[in-house]
Amino acid sequence: MGNSFQIMFSSDPFPKMDTEPTFDPMFGFKGERKKRVMPAISEDDLIAAKVPTDLRDYCVHKYLDYQRCYMKEFPFVTRCYDEVHHYLQCEYEDDVLRAKEYERERRLRLRELRKQKALEAAAA
Amino acid sequence: MAAIRNCRNLSKILSVKNKSFINFTRTYEELVPESSHEFFRNDFLPSQIKYLPNLYPKTKEEWNAAAARYGLHPDEYKPFDPVRNYNGDYPDLPLISYEAKDPYYPWDHPSTRTNHEEALPMDFHELLGDRQEYGIRQPIEHGKATLIGWSIFGVLLTLSYLIPETNQFLLAKQYPGQGEHYTFELK
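Read top to bottom, the protein sequences are chains B and R. With UniProt numbering, you'll find the first sequence wraps up at 124, consecutive numbering, no jumps. With UniProt numbering, you'll find the second sequence wraps up at 187, consecutive numbering, no jumps.
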């Protein structure tokens, strides 16, 4: 809520929703960041399992687990509680990572602005 | 100004100067002669004709017989206009709803507040169910109530347009194979 009102009334360069990051991903870190590992599932398997394209993300292996469990246990799908929970937890962590990327993008933009203002002040 | 005045009167001038030579007039009786009602009436089975209204009464005797058939006084009895709305000899009765009738009168059928063999108005079936209060003055009139309902909906619609998005803002979703992605942990 506060974030939205801040965006409404502030002149800061807030990034838009669902935009790509514009800065170097390694910038500002002391070491090297870990790469996100892709689940070991081929494109053909995803097509064979009829996974929708918007779900073919870094949690697709957990999605497939939960679908497999549903097919096995139907109609007693409440037995798949753990599988569903693991999938939802993975999606939640994915969202947290995106929120962190958003915050990083916002702070780096502010830093860029500060540097620009300092340069202008020095020139004047 | 004069040009505007002339233009406004142009159609009048034209219609006065150029009189139309051909006129058509048709009356309802020409299109649908009354004998056709009798003709279509004979399409029904005798067992069905028994439940239909008779033809429009033309003589005094027929009029009185029709009034007696519907249990009305000949002065009270008034059939539908045969030219505009032909319904045979069926009486054009006022539409009075359940709520508007006297609750303390000993009705033969209290659930509909009608008497046995009473002639019912033509649109009586429209007063069943949720229309039992037709003709009764309401605390909030129906038009006003409709206006209030739509205005509440309009207020909600306006608010939904004005209120800002309160979701957590996120960057684009990351899909494997579409660019390089990193976690926030260090090697």
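These are computed hints drawn from the structure, not numbers from a lab. Fair warning: there could be bad hints in the mix.
[Said to hold, decoys possible] Using C-beta positions, here's what the derived DEER-type ranges look like:
1. B:E73 <-> R:S151: 34 to 42 Å
2. R:K173 <-> B:L119: 19 to 27 Å
3. B:Y92 <-> R:L157: 44 to 52 Å
4. B:E43 <-> R:G129: 28 to 36 Å
5. R:Y175 <-> B:E112: 32 to 40 Å
6. B:L55 <-> R:E99: 51 to 59 Å
[Said to hold, decoys possible] Okay, derived cross-link-like pairs now, SDA-like style, lysine to any residue, Cα gap no bigger than 20 Å in a straight line:
7. B:K35 <-> R:E165
8. B:K34 <-> R:E165
9. B:K16 <-> R:K187
10. B:K62 <-> B:G31
11. R:K187 <-> B:P52
12. R:K173 <-> B:K72
13. R:K173 <-> B:R114
14. B:K34 <-> R:K173
15. R:K187 <-> B:G28
16. B:K100 <-> R:L162
17. B:K34 <-> R:A172
18. B:K35 <-> R:K187
19. R:K173 <-> B:E91
20. B:K62 <-> R:E165
21. B:K35 <-> R:Y175
22. B:K62 <-> R:K187
23. R:K173 <-> B:D18
24. R:K173 <-> B:P52
25. R:K173 <-> B:C80
26. B:K100 <-> R:E180
27. B:K50 <-> R:G88
28. R:K173 <-> B:V51
29. R:K173 <-> B:E112
30. B:K100 <-> R:T183
31. B:K62 <-> R:S47
32. B:K35 <-> R:Q174
33. R:K173 <-> B:Q89
34. B:K34 <-> R:N167
[As the list claims (entries may be wrong)] Every beta carbon over 12 Å from chain R, so not counted as near; a handful from chain B, in silico:
35. L97
36. Y102
37. R111
Note that the structure is predicted; figures quoted are calculated from it, not measured. C-beta: ideal position from N, C-alpha, C; glycine also.
Hint-by-hint comparison with the structure:
| no. | hint | in the structure |
| --- | --- | --- |
| 1 | B:E73 <-> R:S151: 34 to 42 Å | violated, 51 Å |
| 2 | R:K173 <-> B:L119: 19 to 27 Å | violated, 35 Å |
| 3 | B:Y92 <-> R:L157: 44 to 52 Å | violated, 32 Å |
| 4 | B:E43 <-> R:G129: 28 to 36 Å | violated, 60 Å |
| 5 | R:Y175 <-> B:E112: 32 to 40 Å | violated, 27 Å |
| 6 | B:L55 <-> R:E99: 51 to 59 Å | holds, 58 Å |
| 7 | B:K35 <-> R:E165 | violated, 32 Å |
| 8 | B:K34 <-> R:E165 | violated, 33 Å |
| 9 | B:K16 <-> R:K187 | violated, 30 Å |
| 10 | B:K62 <-> B:G31 | violated, 30 Å |
| 11 | R:K187 <-> B:P52 | violated, 33 Å |
| 12 | R:K173 <-> B:K72 | violated, 30 Å |
| 13 | R:K173 <-> B:R114 | violated, 29 Å |
| 14 | B:K34 <-> R:K173 | holds, 18 Å |
| 15 | R:K187 <-> B:G28 | holds, 15 Å |
| 16 | B:K100 <-> R:L162 | violated, 28 Å |
| 17 | B:K34 <-> R:A172 | holds, 19 Å |
| 18 | B:K35 <-> R:K187 | holds, 9 Å |
| 19 | R:K173 <-> B:E91 | holds, 11 Å |
| 20 | B:K62 <-> R:E165 | violated, 30 Å |
| 21 | B:K35 <-> R:Y175 | holds, 13 Å |
| 22 | B:K62 <-> R:K187 | violated, 25 Å |
| 23 | R:K173 <-> B:D18 | holds, 7 Å |
| 24 | R:K173 <-> B:P52 | holds, 15 Å |
| 25 | R:K173 <-> B:C80 | violated, 26 Å |
| 26 | B:K100 <-> R:E180 | holds, 16 Å |
| 27 | B:K50 <-> R:G88 | violated, 68 Å |
| 28 | R:K173 <-> B:V51 | holds, 17 Å |
| 29 | R:K173 <-> B:E112 | violated, 24 Å |
| 30 | B:K100 <-> R:T183 | holds, 10 Å |
| 31 | B:K62 <-> R:S47 | violated, 73 Å |
| 32 | B:K35 <-> R:Q174 | holds, 12 Å |
| 33 | R:K173 <-> B:Q89 | holds, 16 Å |
| 34 | B:K34 <-> R:N167 | violated, 28 Å |
| 35 | L97 | violated, 7 Å |
| 36 | Y102 | violated, 5 Å |
| 37 | R111 | holds, 17 Å |
In summary, the structure is inconsistent with hints 1, 2, 3, 4, 5, 7, 8, 9, 10, 11, 12, 13, 16, 20, 22, 25, 27, 29, 31, 34, 35, 36 from the numbered list given earlier, while agreeing with the others.
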